[in-house]
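A.B. asks: Residues per chain are reported as follows:
There are 4 protein chains.
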Amino acid sequence: MRAAVVGASGYTGLELVRILLRHPGFELAVVTSEQNAGTPLGEYAPGLAGLTDLTFEAVDVASIAKRVDFVFTALPHATAAPVVKGFRAAGLPVVDLSADFRLRELATYESWYAPHPAPELLSTAVYGLPEVYREEVRKAQLVAAPGCYPTSVLLPLLPFLRAGVIAPGPVFVDSKSGTSGAGKKLAANLLFSEAASNCSTYAVGGKHRHLPEMEQEASVAAGADVSMVFTPHLLPTIRGIVTSIYLTPQAGFDQAQAEAILNEAYGDEEFVRVLPQGQTPSLAAVRGSNFCDVAAVVDARTGTLLLLSAIDNLVKGSGGQAVQCANLMLDLPENTGLLEAPLVP
Amino acid sequence: MRAAVVGASGYTGLELVRILLRHPGFELAVVTSEQNAGTPLGEYAPGLAGLTDLTFEAVDVASIAKRVDFVFTALPHATAAPVVKGFRAAGLPVVDLSADFRLRELATYESWYAPHPAPELLSTAVYGLPEVYREEVRKAQLVAAPGCYPTSVLLPLLPFLRAGVIAPGPVFVDSKSGTSGAGKKLAANLLFSEAASNCSTYAVGGKHRHLPEMEQEASVAAGADVSMVFTPHLLPTIRGIVTSIYLTPQAGFDQAQAEAILNEAYGDEEFVRVLPQGQTPSLAAVRGSNFCDVAAVVDARTGTLLLLSAIDNLVKGSGGQAVQCANLMLDLPENTGLLEAPLVP
Amino acid sequence: MRAAVVGASGYTGLELVRILLRHPGFELAVVTSEQNAGTPLGEYAPGLAGLTDLTFEAVDVASIAKRVDFVFTALPHATAAPVVKGFRAAGLPVVDLSADFRLRELATYESWYAPHPAPELLSTAVYGLPEVYREEVRKAQLVAAPGCYPTSVLLPLLPFLRAGVIAPGPVFVDSKSGTSGAGKKLAANLLFSEAASNCSTYAVGGKHRHLPEMEQEASVAAGADVSMVFTPHLLPTIRGIVTSIYLTPQAGFDQAQAEAILNEAYGDEEFVRVLPQGQTPSLAAVRGSNFCDVAAVVDARTGTLLLLSAIDNLVKGSGGQAVQCANLMLDLPENTGLLEAPLVP
Amino acid sequence: MRAAVVGASGYTGLELVRILLRHPGFELAVVTSEQNAGTPLGEYAPGLAGLTDLTFEAVDVASIAKRVDFVFTALPHATAAPVVKGFRAAGLPVVDLSADFRLRELATYESWYAPHPAPELLSTAVYGLPEVYREEVRKAQLVAAPGCYPTSVLLPLLPFLRAGVIAPGPVFVDSKSGTSGAGKKLAANLLFSEAASNCSTYAVGGKHRHLPEMEQEASVAAGADVSMVFTPHLLPTIRGIVTSIYLTPQAGFDQAQAEAILNEAYGDEEFVRVLPQGQTPSLAAVRGSNFCDVAAVVDARTGTLLLLSAIDNLVKGSGGQAVQCANLMLDLPENTGLLEAPLVP
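Residue numbers (my numbering), protein chains in the order written: chain L, 1 to 345; chain X, 1001 to 1345; chain B, 2001 to 2345; chain E, 3001 to 3345.
Since the hints were made in silico from the structure, they are not lab data.
Quick reminder that beta carbons are idealized off the backbone N, C-alpha and C, glycines included.
One should not assume that every hint holds.
Below, a list of computed lysine-lysine pairs in the BS3-like style, where the Cα atoms sit at most 27 Å apart [unchecked claim]:
id, chain 1, residue 1, chain 2, residue 2
1, L, 184, E, 3185
2, E, 3066, E, 3085
3, B, 2139, X, 1184
Pulled from the structure, derived: some chain X residues nowhere near chain B, Cβ distances all over 12 Å [claimed, not checked]:
id, residue
4, 1046
5, 1114
6, 1178
7, 1185
8, 1187
9, 1194
10, 1197
11, 1254
12, 1256
13, 1339
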């Protein structure tokens, strides 16, 4: 199965490359980058030297469509959709890692992002969270890989919303992400001299673009509108997201019930690890892996529920989850190419 | 004014030393450490070489009481109280940086810590948050310097509780601290190889010892019992705490009201900076300084209030605040020795 | 091929586990740790949860020898040798990652380390640097995996010594290592609060234990005694070693000759990448991989030669190189289980 | 004494501001930045909010010259010289932190940098290393503050060259710098995601612009041409430079002689600390301070001499040293405003 990574020079694209180079079901055949067309991948990213002879090319949908069987698009929002449309028109299955096909409502997309370049495809896209939409992903030809923050939030949260054990009211979400989540962007706040030894919030007060995607999926799970307060932080790490979610459950809800809900949801899942009581998720335990670690803590004294999670934003939060979806779409074992252990330490 | 730092080999004690060496109102006359008695301070902490000729001595209250006019105690809880008692009996004013005199209720202290070695002093101690208890601190002979997390939580929170604008229900607090908050303790999770590139929670579910201190002061401000959910995190930085507090205010509460409350509380305070709208606190802006930066964000869409703060845990969260209290106790200008600018970058 | 990792709770042992879990030629059957016997591996190292059901056991050579076909020993020096001796007596091939079998001269070992517990095995051991001793490793039953610093030094240096192009005189080596090289040791200088934002030398003046191993191999390559000045540094990173080597080559030696020497030595090597002119090795390009990147820079103005290298100390400097040797001993393709791409970024 | 910092938005300029705000001999009256003219300093650098009411202005030499008594210029090379010329023409003393007045030979400057905009001033400038040129600095009206790397190299090296105890041949210098040394420049290699957990060399092979400055001063000290091999590294820290220098001394040179040379040179210096035998310089011991820690290690076995140093590149390597020079020029105690202790930890 020959694959293309369209938009391979960003951190998301490079992570797809890293995974696909070791994936027994794919031959990575095409990598694109407009700015770096003509540059060997191993020269652009010296870490990959010796592992591939590929050279970046510019996007030419017609040409690429003839040379591959599967496409991953890792382009900026609004840039991705027209390219996805081209590959879909050529009959190729696509996993798109942009925001272009994550939102079901066109109006929501356009209020948060830009005019949608291919709205007719929205209804054909499946939200690529395999633990939630596994069967839909299997049958899909277009999968929208979730954002990194939403993955870290929805996996712990959705089972509780589905179970109907949460009292109404806004969900408070406090997330902390490594700098790679912001991409390879030349912004002053992402300089080492500014981000190291530092931590701060950004996009507070309902301004982060991952919010509508999270509220959409939370509302589906709850069967009712769910609103969220989302506070993202920039952490002085390269990779990883840890998330805390503060909830008020029904009266009498206890630790055993919370663990039962998580275990029922994820007991058979390979990539979601429900931590035993007393353990809490950490970036170190997921670094470089496709795992999402989750834990629930009921505080009987205050009558509250705390949900915790950790992922590597570039793996389970991005490239790894995209490949997990691709495996499903191609009827490969879901974990193919994804069982790498975390770097410890 | 000759000062002693009793327990000067830990990070809190060293920070007191760092500040007092440059303080025009104090002559640092005595530093103690049982384990390092006889070792020159500049040999133990090479960064201080050339700035002082002091040598650690073992604690001998009677001897030290004759040679100093003011005492800072930076000993572990339960170890501090007997020493404080000795210095107080000798008539010396004391700022204690342990937990021993922060809690008003003996039973609360003993349920969280240990049998109290000097309960008779509890009622004489003032909680050393100058922005809240300035007049009491001025008159006190025994001040209990607040914990680092409580400082980062109470400064943004108390004005809103005092104003009576918060709906009943638990306060959700998500805090992130650098490793120096855990002291110079040889624990595996504090090793660079474990803590770097990492972030995780600990002591969740109502287990952190700073919780009773925070609930005590929040309840005083609210005039009613306030319960808190407190989720501390270990950050891969040496210094600094950032805190997010999630609240539900009364209906109709807006951004202007929130800012008015903060400005009224802190408009005249030198060390609490209320950030202009759109700015959020960051560790980088307070590193090495005695500032506490605070901000409030009302999210009208969800009807919620987010409070944010940042401090250097070793300065405003510990040694700096202790010196701020000492300045008040000695009728010195409150900012004496504390106007150092943060390290930028 | 069933394998044991004896001494699996340290960073070297855990890295072997990480690699072997994904290695198609090995089934990891036994992991040992005296201190953690009875603890599941996935509980001790939560990152490995879900990837293995193994539980640490105490070392029992007789019992383990019946259950495995190959042994990796990752124990402290002097502790390793008796265990290695037991496994060798049971007829099992062993790769030892301690210092016990790296030095050919018993007296040298004993002057730097301790009385040798199994000196009779010294002459049977092969120094496990596959790029230098490939054929010997293939035939060996006992391989001494090199130290991490020596790997980073010898790979760039040996080809120049073998070529006889270096003027006599001491070799100046300046190396910088991440903290994982010191192991999971509870030492104050390894705490995050001490090692972060820091960099300093240690064991200067000919005191580092990797020195005799480096001089031994350098002297073999040069065919004459080579002495070294070795200056190790502790870097604020978890993984990785970068090394600079300062040499005075014969008069007239130029850049083309330097590159020819490296290319001749490593042009066909999969795990040693000779960087093109203008590129220099970096930790980021080897993180998590078995690569050693090398470069040579001739400075015609000063008539000097600078050699540079970068490795991940836990992979090519330890567990990865050990597995590379094991692959050779077992006649597997040398790169089996080792082609993982570096984490980028 | 009213001071201007011309070019105050870069890291060097901000550090001058940080120091001058606390300096009892200066009133910081003017800060300039072309790009940020009109922006309050405390808005541009939130860490400085509340400490100053200054607003950036564009450079207008005539206007500024009327409002200040002393000028610090922290502009890029070639941009600085015309501005310095203007202030000198107006009769103001200037400490320039660019490279424009560090090199005595016009041709050397122009071969490394650019056509010199004010060559007539070269002969009037004094190289601002107070420990070497104290009397010249006292009398100077134009001081060229040394580069950060040169400060870290020359302070340990010059005493040995002056003493005539070093054998001829190139001096090998291996330096490691935090990212702030590269300034607030939007370059990919300075992003946190690229520089964190990383370390690599750059500008090797005689290409770094600090080389001519170091060779110039080394040659003056030696009384003969000295050539250097200089290998700078980028460290994953914000602040600090550690340097190793490899030398071959005369036969028989020993540790006592080495220490005597350092003690004679620096025994009376406040800001150069000669470490006792067995201690080595570390960034942690100088962070945020004006100290340069130095040590010498003679390795009798190899007949070599290793010199080590550590500085905070923004203090002793830049802003602090500039203020130290200004103190001398103004006949203030040399340490005025510079006795801040390092941040420990």
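A.B. asks: Hint by hint, say whether it matches the structure.
C.D. replies: A quick look at each hint next to the structure:
no., hint, result
1, L:184 - E:3185, "15 Å, holds"
2, E:3066 - E:3085, "15 Å, holds"
3, B:2139 - X:1184, "49 Å, violated"
4, 1046, "10 Å, violated"
5, 1114, "25 Å, holds"
6, 1178, "8 Å, violated"
7, 1185, "8 Å, violated"
8, 1187, "7 Å, violated"
9, 1194, "8 Å, violated"
10, 1197, "6 Å, violated"
11, 1254, "41 Å, holds"
12, 1256, "40 Å, holds"
13, 1339, "24 Å, holds"
Of the numbered hints listed earlier, those contradicted by the structure are 3, 4, 6, 7, 8, 9, 10.
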